Amino acid sequence: DAKTTQPTSMDCAEGRAANLPCNHSTISGNEYVYWYRQIHSQGPQYIIHGLKNNETNEMASLIITEDRKSSTLILPHATLRDTAVYYCDAGTGNQFYFGTGTSLTVIP
Amino acid sequence: AAGVIQSPRHLIKEKRETATLKCYPIPRHDTVYWYQQGPGQDPQFLISFYEKMQSDKGSIPDRFSAQQFSDYHSELNMSSLELGDSALYFCASSRTGLGQGRHEQYFGPGTRLTVT
Chain Y
503 DAKTTQPTSM DCAEGRAANL PCNHSTISGN EYVYWYRQIH SQGPQYIIHG
553 LKNNETNEMA SLIITEDRKS STLILPHATL RDTAVYYCDA GTGNQFYFGT
603 GTSLTVIP
Chain B
172 AAGVIQSPRH LIKEKRETAT LKCYPIPRHD TVYWYQQGPG QDPQFLISFY
222 EKMQSDKGSI PDRFSAQQFS DYHSELNMSS LELGDSALYF CASSRTGLGQ
272 GRHEQYFGPG TRLTVT
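Protein chains in written order, with the numbering used here: chain Y, 503 to 610; chain B, 172 to 287.
Any given hint might turn out to be false.
Cut-off 35 Å, straight-line C-alpha distance, at most; resulting in silico cross-link-like pairs (DSBU-like, lysine-lysine) [unchecked claim]:
{"no.": "1", "chain 1": "B", "residue 1": "Lys223", "chain 2": "Y", "residue 2": "Lys554"}
{"no.": "2", "chain 1": "B", "residue 1": "Lys228", "chain 2": "B", "residue 2": "Lys184"}
{"no.": "3", "chain 1": "B", "residue 1": "Lys186", "chain 2": "Y", "residue 2": "Lys571"}
{"no.": "4", "chain 1": "B", "residue 1": "Lys184", "chain 2": "B", "residue 2": "Lys223"}
{"no.": "5", "chain 1": "Y", "residue 1": "Lys554", "chain 2": "B", "residue 2": "Lys228"}
{"no.": "6", "chain 1": "B", "residue 1": "Lys186", "chain 2": "B", "residue 2": "Lys223"}
{"no.": "7", "chain 1": "B", "residue 1": "Lys186", "chain 2": "B", "residue 2": "Lys228"}
{"no.": "8", "chain 1": "Y", "residue 1": "Lys505", "chain 2": "B", "residue 2": "Lys223"}
{"no.": "9", "chain 1": "Y", "residue 1": "Lys505", "chain 2": "B", "residue 2": "Lys193"}
{"no.": "10", "chain 1": "Y", "residue 1": "Lys505", "chain 2": "Y", "residue 2": "Lys571"}
{"no.": "11", "chain 1": "Y", "residue 1": "Lys554", "chain 2": "Y", "residue 2": "Lys571"}
{"no.": "12", "chain 1": "B", "residue 1": "Lys193", "chain 2": "B", "residue 2": "Lys223"}
{"no.": "13", "chain 1": "Y", "residue 1": "Lys505", "chain 2": "Y", "residue 2": "Lys554"}
{"no.": "14", "chain 1": "B", "residue 1": "Lys193", "chain 2": "B", "residue 2": "Lys228"}
{"no.": "15", "chain 1": "Y", "residue 1": "Lys505", "chain 2": "B", "residue 2": "Lys228"}
Label-pair restraints from in silico Cβ distances [as the list claims (entries may be wrong)]:
{"no.": "16", "chain 1": "B", "residue 1": "Ser251", "chain 2": "Y", "residue 2": "His579", "range": "48 to 54 Å"}
{"no.": "17", "chain 1": "B", "residue 1": "Pro280", "chain 2": "Y", "residue 2": "Asn521", "range": "26 to 32 Å"}
{"no.": "18", "chain 1": "Y", "residue 1": "His542", "chain 2": "B", "residue 2": "Glu246", "range": "26 to 32 Å"}
{"no.": "19", "chain 1": "B", "residue 1": "Thr285", "chain 2": "Y", "residue 2": "Pro509", "range": "31 to 37 Å"}
{"no.": "20", "chain 1": "Y", "residue 1": "Glu516", "chain 2": "B", "residue 2": "Asp233", "range": "43 to 49 Å"}
{"no.": "21", "chain 1": "B", "residue 1": "Pro179", "chain 2": "Y", "residue 2": "Arg583", "range": "24 to 30 Å"}
{"no.": "22", "chain 1": "B", "residue 1": "Arg187", "chain 2": "Y", "residue 2": "Arg518", "range": "51 to 57 Å"}
{"no.": "23", "chain 1": "Y", "residue 1": "Pro610", "chain 2": "B", "residue 2": "Pro280", "range": "25 to 31 Å"}
{"no.": "24", "chain 1": "B", "residue 1": "Pro179", "chain 2": "Y", "residue 2": "Asn555", "range": "40 to 46 Å"}
{"no.": "25", "chain 1": "Y", "residue 1": "Ser511", "chain 2": "B", "residue 2": "His181", "range": "27 to 33 Å"}
{"no.": "26", "chain 1": "Y", "residue 1": "Asp513", "chain 2": "B", "residue 2": "Met224", "range": "27 to 33 Å"}
In short, the hints are calculated from the structure, not lab data.
Keep in mind the model is a prediction, meaning the values are calculated, not measured.
Just so it is clear, CB atoms sit at the ideal spot from N, CA and C, and this is done for glycine as well.
Given only the sequences and the hints, what does the whole structure look like? Please build it.
The following block contains the structure:
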């Protein structure tokens with residue numbers, strides 16, 4: 503799996519877009535970028551994944567740079583319930599690697 | 172929609188005892204994963220099974236074993252428990268099918284194991 507780096511923590515005002523970056527500069531051509539989040543002590547929750555193209559689902563959007571060395575997860579209208587630790591991983595293996603992640607706090 | 176079921180939700184054991192955690196995947200999911208999350212730590216992959224065969228192995232101690240049964244449920248068996256085994260244990264499932272590589276995983280609520 504590619505090594506990923508994320509900021510340790512971020513704040514976002516409620517109702518605003520939350521943009522969470524992830525650097526995966528060593529990603530190889532067949533490695534997907536996956537995002538999960540974990541709300542305090544709950545089971546991690548799948549958010550979105552992508553290979554090359556930008557992706558959008560009901561939870562978030564994923565923007566992958568053209569060189570695929572970094573990506574950004576966008577929560578378009580953050581709510582208090584989006585406060586969680588967000589993890590990105592890039593790889594092909596079955597298991598997901600939970601690195602340090604970004605602790606996102608949505609502020610009222 | 173049906174989710175991953177884990178039992179028990181809470182378990183208290185003493186050192187050197189054994190424990191068995193159970194996981195029931197989402198219907199029609201063929202792959203099960205086990206993760207361990209210690210206090211203040213990120214989840215760590217332990218082991219996974221696809222179609223009842225071990226598919227990947229992570230940082231699972233030799234004191235632990237796991238299997239997937241014909242109905243696709245899985246059990247994590249933990250022996251000679253140590254204080255350091257106190258953690259949240261998550262099970263996840265996915266529908267892998269014949270495709271190779273990564274698939275989105277759906278996690279259960281976890282079992283909180285406390286070893287005293």
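Thr285 of chain B versus Pro509 of chain Y beta-carbon gap, inside 31 to 37 Å or not
The hinted range 31 to 37 Å holds for Thr285 of chain B and Pro509 of chain Y, with Cβ atoms some 33 Å apart.
Do the alpha carbons of Lys505 of chain Y and Lys554 of chain Y lie within 35 Å of each other, as the hint requires?
holds (17 Å)
Mind checking the alpha carbons of Lys505 of chain Y and Lys223 of chain B for me, to see if they're no more than 35 Å apart?
holds (30 Å)
For the pair supplied as a hint, Lys184 of chain B and Lys223 of chain B, is the alpha-carbon distance within the 35 Å limit?
With Cα atoms ~28 Å apart, Lys184 of chain B and Lys223 of chain B stay inside 35 Å; holds.
Tell me if the beta carbons of Ser511 of chain Y and His181 of chain B are separated by a distance inside 27 to 33 Å.
holds (30 Å)
Could you see if the CB distance from Ser251 of chain B to His579 of chain Y stays within 48 to 54 Å?
With a Cβ separation near 50 Å, Ser251 of chain B and His579 of chain Y satisfy 48 to 54 Å, so the hint holds.
Can you confirm whether the C-alpha distance between Lys554 of chain Y and Lys228 of chain B stays at or below 35 Å?
Holds: Lys554 of chain Y and Lys228 of chain B sit about 28 Å apart, inside 35 Å.
CA of Lys223 of chain B to CA of Lys554 of chain Y, is that 35 Å or under?
Given pair Lys223 of chain B, Lys554 of chain Y holds - Cα atoms ~33 Å apart, limit 35 Å.
Regarding the pair Lys186 of chain B and Lys571 of chain Y, is the alpha-carbon distance no greater than 35 Å?
violated (46 Å)
Whether the CB-CB distance between His542 of chain Y and Glu246 of chain B falls inside 26 to 32 Å
holds (27 Å)
CA of Lys505 of chain Y to CA of Lys193 of chain B, is that 35 Å or under?
Since the Cα atoms of Lys505 of chain Y and Lys193 of chain B sit roughly 32 Å apart, the hinted pair holds (cutoff 35 Å).
Decide if the proposed pair is consistent with the structure: Lys193 of chain B and Lys223 of chain B, CA atoms, cutoff 35 Å inclusive.
Cα-Cα ~15 Å, so holds.
The structure shown violates the earlier hints numbered 3, 26.
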